[in-house]
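Chains as they are written, first to last, in my numbering: chain A, 36 to 544; chain B, 70 to 725; chain C, 944 to 1040.
The hints are simulated quantities; they were obtained by calculation from the structure and are not laboratory data. Treat each hint with caution, since some may be false.
Said to hold, decoys possible - Short derived list, chain A residues pointing at chain B, Cβ under 10 angstroms: (1) 103; (2) 144; (3) 415; (4) 465; (5) 525.
As the structure is a prediction and not an experimental result, all values here were calculated from the model. Using N, Cα and C, we set each Cβ at its ideal position, and we do this for glycine too.
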Amino acid sequence: MTTCLLSWIIFTPALMALVLMFLPNRMEKNFRMWALLSSFISLILAFKLWLNFDASSAQFQFTELAAWIPQLGLSYSVGIDGISLPLVMLTAIISPIALLGTWPAHGLPKKEKFFVAMILFLQTGMYGTFLATDLFLFYFFWEIVLIPMFFMIGIWGGQDRIYATVKFFIFTMVGSLLMLVAIFYLVRSSAIQGGMPSALMSAFANAQFPLDQSSLAQGLKSPQMLLFLAFALAFVIKVPMVPFHTWLPDAHVQAPTIGSVFLAAVLLKMGTYGLMRIAIPFFPQAALMMAPFFYFLGVVGIIYGAFCAMAQTDFKKLVAYSSISHMGYIIVGLFSFDRIATSGALYQMINHGVSAAGLFLIVGFLYERLHTRNLEDFGSLAKITPMMAIAFLIMTLSSVALPGTNGFVGEFTILLGTFQVAPVVAVLCGIGVVLGAVYSLRAYQMVMFGPLTKQENKSTKDLTAREIIAMVSLTVLVFGIGFFPEFFFGKSHVTLDNYMTNLLSHIGR
Amino acid sequence: MMQSNLPLLILILPLIGFFVNGVVYPLILKGFAKTSAPLAGITATAFISLSFILAVKVFFLLSGAGHEEHNPVVMQTVYQWLDVGSLHIPFELKVDKISGILILIITGIGSLIHLYSIGYMSHEKCVGRYFSYLNLFCFAMLLLVMGANLPLLFFGWEGVGLCSYLLIGFWYTDTEKADAGKKAFIVNRIGDLGFLIGMFLIFKNFGTLTFSEIYTSIASGDTISQTTAVAICLALFVGATGKSAQIPLYVWLPDAMSGPTPVSALIHAATMVTAGVYMIVKLNPLFDLAPQALTVIAYTGAFTALFAGSIAIAQKDIKKVLAYSTVSQLGFMFLACGVGAYQTAVFHLMTHAFFKALLFLGSGSVIHACSGEQDMTKMGGLKKYLPHTHLTMLIGSLAISGIPFFSGFFSKDEILYSVIALPSGHTLLFFVGVLTAALTAIYTGRMMTITFYGTERLSHEAKHHLHESPATMLIPLYVLAILAAFGGFLGVPHLLGEQFSLHHQLAHWLDPLVPTRVLPMVGVKLALHEGVVMVGSSVLAICSFAFGIVAFKKKFHISDHISGLKDIQKVLENKYFIDEIYFAVVVNPLKLLGKLCAHVVDKVIIDGFIVGLGRGTRDLGKRFKALQSGDVQAYAYLLVLGLVTLLWIAFRKVMM
Amino acid sequence: MDKIQLLSAFLFTIGLLIVITRRNTIVLLMGVELLLNAANLSMVGFSHHMSQIDGQMQVFFVITIAAAESAIGLSILVNLYRNFGSIKTDVAQGLRG
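Chain A extracted, bound-state conformation (with noise of 0.2 angstroms):
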């Protein structure tokens, strides 16, 4: 199994699914705990990648590369490196977490081995993302992921779900679509230097389009910043930028837990792990030319969607908002181009997956006990349910970022970072800070203090056991990585290094 490691990573949910296809519908109680087997079956893959990747390499490793259309120079390549990492490892673990935390307590939902074949097919889209190191297979499964989304809210989502999905899907579609004709135009732009056509990301990485620097206007006409916008806008719309975020919202309240889960923890983050793989590094110049303009979308981004989170009543939608402003920070780092907080905006893709998971667990708990989403039902529920509470309250102080929980390292990192070189953006993001205590703390209280408002609140019935392991394991990872960034993210370093080295001598500083 270690000669092709990460191709099984990426196949072993389809075809776990594909099995699940042929099972008999009798056993339909047991479908969920094969998915449960599939991704603990990917945990331990994706564990022996962890153990056996060679920290002090900036290359990729586990390579595989196999022709699929020669003619066009699409092949079949995959590899890891220290950025891919961290993101493969996540997905691994929010995978079971995701099941655990999710797990139907009283009557499956219709149309379960559909379902449970969304969720794998799913991880396998996710899987793929993160480890194509060719630009078609990594548009391949960027788009793949979008079909069990799809499903998952469009079927089994709530009462806008329709519209709620078509506005996902086709968003996000449009922004592909221009990246896909990027793509042509770069693979076609390699067979005209090098003779055959290549799509593989090494292709591109000193390859220098033409942009002319001498205004803006100008730049834009380049061939250099036209490619990087088309990347840049399907990445943004994927992150999500305001103002393109709006379907993020929609998409959350109306998709069933798990399908909130996977999306806000491991989606989400292939938007910016596009813009750090490919939009950046292959276009920099350009990138550092919009580089403003992004600082000013990412601290919109962070500031707006913390005003938006404040005025919620909705408890999904206030996490939904916190997530776009969250993911702000990131687009801050990656653009500002230094290497504290290019490292820290990595380091916030994972710790936001892990926090957004735990808060989206936690509204899942509440929905299926209490059947609403409104902030106004709860109340007094810390005397009720206190390892609810508890949970709840170690996914706020991550989300909010309190030292010795994993958001303080990536924030501080990219704060500090970003300060060395726009300070003006790095103080308004820090507002953020601030905002994000007021409506985190609000919602906490508004949910589990106060007096008991609703009679019918008394009975809510605590954690499961399963709930419990899925919230455990987040915390342990909250704290481990607050306390221990190192252990978790030290093998990443020496590609960060590469990276930013790469990086810096192509804008020449």
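Position chains B and C against the provided structure of chain A, taking the given hints into account.
Showing chains B and C alone in chain A's frame:
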């Protein structure tokens, strides 16, 4: 420089206590509210007392090494916490002479308060939760003072903020109390933003966040522009105003009285609120580079002291008096820092910890005895019922008022003298300080008299339950009373000390890190100035305190004395309506902005645009639908048109 | 030679206009016949002008196909009447969208 495991042990023990009370006991007893008060309390007190013993050991290590070394520290590098690019943050603990004093205060007074809480919280449910939070707080505070770099200090800084939030909102089913906790956290966060900016500026200019490297950098003369230094110091000071409750971020402290009284004693009197002062003292070489910042600090401190003192004199709730008193005394500490008398600030920090903790615990004893009554106007004449409480509180009051030879006298006197004697001082500040000192004595005397003397105004059932506190509560009171009475002798000024060959121990101890200010005057002139101030302040203190006791025995409010002051009384009692102003100017507009963003901008404008795009596409499609009329001949017509067009395009050139 | 072509074009145009404009299916079929015959005429004219027999050969094919197409057209017309009760062309709007 000594390497030792002691710092980590001192730090970890309360953390273990937190886990035992917070996780282990609930697991064993199968429930979060099942731990009994004695079990939880004794466990917690044991852990913190162990820390205290180890802290004493460290103290002796430091004093022993002080003979050979100029600046002894006990260090421990635990592991590398963060290592990103040029940012290296080790998890390193360093106990230098300043930290040495503070860990003694934290663990020592902490142990006393833990002990006290056993009695105070004996009737509460969820005592386990209380003690676990209390231990966690001690952990965070110890990390704050033992951290060898700014991020670790910040770690403790925010950690104590968290514990404050949890403890203030301990009785969270009451919305008001939960709100008070939330307010504390958020106001502190605003300050923390300033602290963060200060940290970033330091990193940008010094390239490091470790204290020892910053000191070396400044000492070796690496110049940073004065503007930068001022910016750094002001940013850090904003953080200090949040944590140490100065203007404009003090508003959380009075509300924090919603928490249990021992919490107020520990967190909001003795330790957490002093974090700001500690930070400035620790970075005093940096602050010395920014005189303008120091001026701002001095004026802010002085003004806050006066402002808070004026509010304290009009309060009816005993804890609120003490809360504003704390804000006021913290103002004194900042005033001392602002004029460069860092050692004096530490001295006052120490004595304040003694007498304020004492006063708070004493008030807790009173409240406990009065079945939860906190309104002083409903008390009175308690002296004969609560003799021990009365005695200890009287000692505390005498100390805070600056009555000669109690601890407060020495520290406050030193501040006042520094303000007028040091070149960076200012006469205005001196008079503000003197006025505030007088106010302090007056409102403290007022507090004592309304509570303990005069007619008994307690309700009948409350009087029925009136009883002196148990030993677990009285022992800490007496220990603190002794400290409050005699603690000042650690800092005997030269004038008096020379007579009895007592030295200013504290100054001597702190000297290498916190340099003794060289006073401009020497000899007789010095003695004269010091003597005048000393005698003057003593007289003022005694008279003010006596005035406070006598004047307010029967009439509780200023307006009762001079009817014309009714409006002023109202303003003072309502704390200058500052909270209402903040609400109107800050909170409500922000809430409105939030609603605006969520419901207008997002829903109508941005989402409207997106949905509009979808709708527009659909409408465009509808228009094209008209072409599909179903009428075959129409299709034929279009076919012909198309054909003609094609032919025309193809043969255009030929035709021309 | 032009005269034949002109006549042919003229006839073609009339046929086209009939096909596009007239609502009666029988007249429509007549128009189609006109179209085809106009094309025939044109081809004969060219054949005569270029002294090649190909045009006239082509006419044979076209006439044959025109005959077959008339038969089919008339059966469609009968079916149209059966299903829609009228032979007006605008009764069949099923493809309206």
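For the restraint on residue 415 of chain A, tell me whether the closest CB of chain B is nearer than 10 angstroms. holds (6 angstroms)
Interface hint status, residue 525 of chain A versus chain B (Cβ within 10 angstroms): Hint holds; residue 525 of chain A Cβ to chain B Cβ min 8 angstroms, cut 10 angstroms.
Is the hint on residue 144 of chain A kept, meaning its closest Cβ partner in chain B is under 10 angstroms away? Violated, because the Cβ-Cβ distance from residue 144 of chain A to chain B comes to roughly 29 angstroms (cut-off 10 angstroms).
Against chain B, run the beta carbon of residue 465 of chain A and see if the smallest gap drops under 10 angstroms. With a minimum Cβ separation of about 5 angstroms from chain B (threshold 10 angstroms), the hint on residue 465 of chain A holds.
Are residue 103 of chain A and chain B close enough, Cβ to Cβ, to be under 10 angstroms, as the hint says? violated (34 angstroms)
Checked against the numbered hints listed earlier, the structure breaks hints 1 and 2; every other hint is satisfied.
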